[in-house]
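Visitor: Assemble the whole structure, with the sequences as input and the hints as a guide.
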Amino acid sequence: MRDYYEQSAEREAERLSRPADGAVEWALHARALEEYLPPAPSRILDNGGGPGAWTLWLAHRGYQVTLTDLSPALLDVARARVAQAPRQYAANVKAVTEADARDLSAFPNASFDAQLCLGPLYHLTSSTDRHQAVREAHRVLRPGGLLIATVMPRYMRLVSTVLEHGSAAFTTGTVDRILDEGRYDDPRPGRFTGGYLTRPDDVAALFEHHGFRVRRLLASQGILAWAQPEAAALAQRDPDAYQRLLDVAYRTASDPSIHGMSGHLLVVAERLCA
0 MRDYYEQSAE REAERLSRPA DGAVEWALHA RALEEYLPPA PSRILDNGGG PGAWTLWLAH
60 RGYQVTLTDL SPALLDVARA RVAQAPRQYA ANVKAVTEAD ARDLSAFPNA SFDAQLCLGP
120 LYHLTSSTDR HQAVREAHRV LRPGGLLIAT VMPRYMRLVS TVLEHGSAAF TTGTVDRILD
180 EGRYDDPRPG RFTGGYLTRP DDVAALFEHH GFRVRRLLAS QGILAWAQPE AAALAQRDPD
240 AYQRLLDVAY RTASDPSIHG MSGHLLVVAE RLCA
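Numbering (numbering that gives the first Met the number 0), first residue to last: 0 to 273.
Do not take every clue at face value.
What the hints assert, rightly or not - So the derived label-pair ranges between C-beta atoms look like this:
(1) E163 / T251: 27 to 33 Å
(2) R214 / G61: 19 to 25 Å
(3) T96 / L271: 23 to 29 Å
It should be emphasised that the hints constitute simulated quantities derived from the structure, not laboratory data. Please read these numbers as outputs of a predicted model, since none were measured by experiment. Backbone N, C-alpha and C fix where the C-beta goes; we use that ideal spot for every residue, glycine too.
Guide: As structure tokens, then:
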């Protein structure tokens, strides 16, 4: 995982701003953060925050943000971005530091009011590791604090794999591994590294096991998951219609009928007081 992001730091830094790739996800996630995060200047941990896009978004809104990531290359990008930000916003970024989502021992209990975990969980292929990451997220949040995390469902990755590799996706057992185990591996240099692909019905149990209450589960690209290039074209042709379509996509993002075919799912979970 670290090697993948070391090799693709610049590409990852640009992903959420690419119109046909990450722009819809960015827009819907921003709506969720605006709806659910506590008011600024709450303390936010951007766990696995990579190049710092969300850290800066939060800092611009007055949040006190700490960014952690496992990739030194992505952390370098984040530090450069913070250094280039206006001083009043950069001052809200309290630290940019290397850390593993499974080990947040650098932070005391109840250090944060909310935490973003937009990536680490689906890179942890071991159930033990995923549970440890959620356990650590719970520990560093105050009672009543909010965890906003992403997981990756199986079916979109399965379809995209077959579209890319054809029959080889079946003969190599890749399709069966995704369906039966939720395991995805691509050993080729520069490709998306191994990951765990979940079933939407299994998501809540992971968080509830560690003392969270799932408040909402959203499809990160909503009804636009398979129409992002077309949505990008609409944004250029008719910006008003595009914004209205994003509103509909966010309003319907909790519909379970679209969760299995989304690229990512956004989990909004509250740390229970007990």
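Visitor: A separate judgement is required for each hint: does it hold in the structure or not?
Guide: Hints, verified against the model:
no., hint, result
1, E163 / T251: 27 to 33 Å, "holds (28 Å)"
2, R214 / G61: 19 to 25 Å, "holds (23 Å)"
3, T96 / L271: 23 to 29 Å, "holds (28 Å)"
In the structure shown, no violation is registered for any of the earlier numbered hints.
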